[in-house]
Amino acid sequence: MGHISKADVQKIALLSRVHLSDEEIDTFSNQLEGILSYMDTLSEVDVNGVEPFISAAGSGNVFREDKAVEGLPREAALKNAPQQGGGFFKVPPVQG
Amino acid sequence: MELFEQTAASLAADIKSKKVSAKEVTDALLARIDAHDKNIGAFTCIDAEGARAQAAEIDSRIAKGESVGALAGVPVAIKDNIHVTGMPTTCSSKIMKPFVPPYDAFVTKKMREAGAVFLGKTNLDEFAMGSSTENSALQITHNPHDFERVPGGSSGGSAAAVAAGFSPLALGSDTGGSIRAPASFCGCVGLKPTYGVVSRYGLVAFGSSLDQIGPFGRTVEDTALLLSVIAGHDPKDSTSRAEPVDGLNAPLNPSAKGLKIGLPKEYFETDGLSDEVRNSVLAAVDALKSEGAQVQEVSLPMIKYAVPTYYIVATAEASSNLARYDGVHYGSRAEGTDNIIDLFSKTREEGFGPEVKRRIMLGTYVLSAGYYDAYYLRALKVRTRIAQDFDKAFEQVDVIASPVAPDTAFKLGELINDPLAMYLSDIYTISTNLASVPGISVPCGTDSKGMPVGLQLMGRRFEDARLLSTAAAYERLSGWNGKIASL
Chain A
1 MGHISKADVQ KIALLSRVHL SDEEIDTFSN QLEGILSYMD TLSEVDVNGV EPFISAAGSG
61 NVFREDKAVE GLPREAALKN APQQGGGFFK VPPVQG
Chain B
1 MELFEQTAAS LAADIKSKKV SAKEVTDALL ARIDAHDKNI GAFTCIDAEG ARAQAAEIDS
61 RIAKGESVGA LAGVPVAIKD NIHVTGMPTT CSSKIMKPFV PPYDAFVTKK MREAGAVFLG
121 KTNLDEFAMG SSTENSALQI THNPHDFERV PGGSSGGSAA AVAAGFSPLA LGSDTGGSIR
181 APASFCGCVG LKPTYGVVSR YGLVAFGSSL DQIGPFGRTV EDTALLLSVI AGHDPKDSTS
241 RAEPVDGLNA PLNPSAKGLK IGLPKEYFET DGLSDEVRNS VLAAVDALKS EGAQVQEVSL
301 PMIKYAVPTY YIVATAEASS NLARYDGVHY GSRAEGTDNI IDLFSKTREE GFGPEVKRRI
361 MLGTYVLSAG YYDAYYLRAL KVRTRIAQDF DKAFEQVDVI ASPVAPDTAF KLGELINDPL
421 AMYLSDIYTI STNLASVPGI SVPCGTDSKG MPVGLQLMGR RFEDARLLST AAAYERLSGW
481 NGKIASL
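As they're listed, the protein sequences go chains A and B. Under the working numbering, the letters of the first sequence match residues 1 to 96, in that order. Under the working numbering, the letters of the second sequence match residues 1 to 487, in that order.
For the record, the hints were derived by calculation from the structure and aren't laboratory data. Nothing here was measured: the structure is a model prediction, and the numbers come from that model. Please note: incorrect hints may appear among the correct ones.
Calculated pairs, EDC-like style, for lysine to aspartate or glutamate (alpha carbon to alpha carbon, straight line, at most 20 Å) [said to hold, decoys possible]:
1) B/Lys381 / A/Asp46
2) B/Lys449 / B/Glu276
3) B/Lys381 / A/Glu44
4) B/Lys304 / A/Glu44
5) B/Lys260 / B/Glu276
6) B/Lys304 / B/Glu335
7) B/Lys392 / A/Glu51
8) B/Lys304 / A/Asp46
9) B/Lys109 / A/Glu70
10) A/Lys90 / B/Glu335
11) A/Lys90 / B/Asp338
12) B/Lys392 / A/Asp46
13) B/Lys346 / A/Asp22
14) B/Lys346 / B/Asp373
15) A/Lys90 / B/Asp326
16) A/Lys90 / B/Asp342
Here are a few chain A residues that sit away from chain B, every Cβ distance over 10 Å (derived from the structure) [unchecked claim]:
17) His3
18) Ser5
19) Lys6
20) Ala7
21) Ala13
22) Asp26
23) Ala68
24) Gly87
From the derived model, a few chain B residues whose C-beta atoms are all more than 10 Å from chain A [claimed, not checked]:
25) Val295
26) Met302
27) Asp326
28) Ile341
29) Glu349
30) Gly450
Positions of the beta carbon are idealized from the N, C-alpha and C atoms, including for glycine.
Starting from the given sequences, assemble the full structure and let the hints guide the process.
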């Protein structure tokens, strides 16, 4: 793992949908570089033929009957919305 | 003995036999909280009115001769990332403000059915990310044994509440040590059950393959009592175990006779382990040996990779789980944005604190194109090897004993600017989450500064009852006796 540049941090921030201040970009590029180089110690481990650990809950899916049950009433689901109207969540324009 | 000093088990018995009313117990604890929580900051929200109403209902049911549950009238404090209908869930984050859950977590429902009284919600590191509770966006929580020191984290509020005598019981969540570390720092008992013993429905998700809700108490018996109430299969959590877990409802068998205890040599060889902690833990193991346990060395060679593995797996899962905080469905929303991407990015900039941003960024990085195989996939494979280490060790021994943390509670502010040093304080606890085995912290004395030390016991998957019994056997020898911090 090489150097984490400010541009790298900006790219990760965009992918993470977190806007960062210039100061945060500086701090994070230093800190992430330190943490990631520590994580690089994993490259020493022999993982040839080792399966990835997916779940402790046992392999395979858990199925249930496809049966309709009562859901949360619409008003209750909308109650915590920052903005709502006409029974929907309201957001700024997605395009345009 | 004052009511606030009593154990949950004795309160439950006294309330059922009408020796004391649930109302008197609730009032006594609310008075204690009122007098002292301003110095500790354990609670993010105290629901005095709701607690009194629950207590009154229990008293009236007992007066009518109705049968009541195992926790009838017993107060409980709940970590503020677990939903209770109508009570705000803050996760100690600005982004959750305001959020009032319209449903109960599975564990909340079980505690309600058992008659518990909910005192309120307790402080945590924002979204349970941290080891000192200093990452809370709401308030600082002080260690009840020394107000200059941290309570540990992330369930610091719950541990402090129990140690301070605000509540005999509390719930926490543990993703990498968040129950055991604060239990150790505050001098109470804390259990991370085997993954799957307790449903995660209604727990705000952090690292879903690691998260587990668990109990705090001042005694092992109380901790076991709360576990017996909250454990059980829940169709709403597909990872909760469908088969019943053996022994959770049986009385503890506090005996060490014939028990095989393993000491993982790598745990005692790590840099940074304080001599005082090492000596306390080894003395505790010697005490169990004198009661008939056999002690032998075991090896968990992958332990040195546990911290980097954990911080890849946990941050990857967190970056995905926390994508839901977008200013659309609930929580806060940034003002003055005119397109949807800005709405997301500004809401998350304003709403998340530095540690949460750091982890989301790390998680996004290790999952991103070009780095996925080198970091995330490799970490999952190392995780398999860590779990195999435990499987091998548990072929030789029944229980593994170790420190909970390299040192006792550190000072407020001491590690907050060094994230990597903070991560390393979790070195002894995170491997149990990675391997999905249970772990418990039991007080094993104090250091020269008077701060509590914790003994960690780890067991085979779904042998939570054996772990509790072993902890109870040690507790009898420890002389700790459910001690409350003098405030």
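Structure-based check of each hint:
no., hint, result
1, B/Lys381 / A/Asp46, "holds, 9 Å"
2, B/Lys449 / B/Glu276, "holds, 10 Å"
3, B/Lys381 / A/Glu44, "holds, 12 Å"
4, B/Lys304 / A/Glu44, "holds, 11 Å"
5, B/Lys260 / B/Glu276, "violated, 25 Å"
6, B/Lys304 / B/Glu335, "violated, 45 Å"
7, B/Lys392 / A/Glu51, "holds, 17 Å"
8, B/Lys304 / A/Asp46, "holds, 14 Å"
9, B/Lys109 / A/Glu70, "holds, 18 Å"
10, A/Lys90 / B/Glu335, "holds, 13 Å"
11, A/Lys90 / B/Asp338, "holds, 13 Å"
12, B/Lys392 / A/Asp46, "holds, 18 Å"
13, B/Lys346 / A/Asp22, "holds, 14 Å"
14, B/Lys346 / B/Asp373, "violated, 31 Å"
15, A/Lys90 / B/Asp326, "holds, 12 Å"
16, A/Lys90 / B/Asp342, "holds, 15 Å"
17, His3, "holds, 14 Å"
18, Ser5, "holds, 13 Å"
19, Lys6, "holds, 13 Å"
20, Ala7, "holds, 13 Å"
21, Ala13, "violated, 7 Å"
22, Asp26, "holds, 13 Å"
23, Ala68, "holds, 15 Å"
24, Gly87, "holds, 14 Å"
25, Val295, "holds, 28 Å"
26, Met302, "violated, 8 Å"
27, Asp326, "violated, 7 Å"
28, Ile341, "violated, 7 Å"
29, Glu349, "violated, 4 Å"
30, Gly450, "holds, 33 Å"
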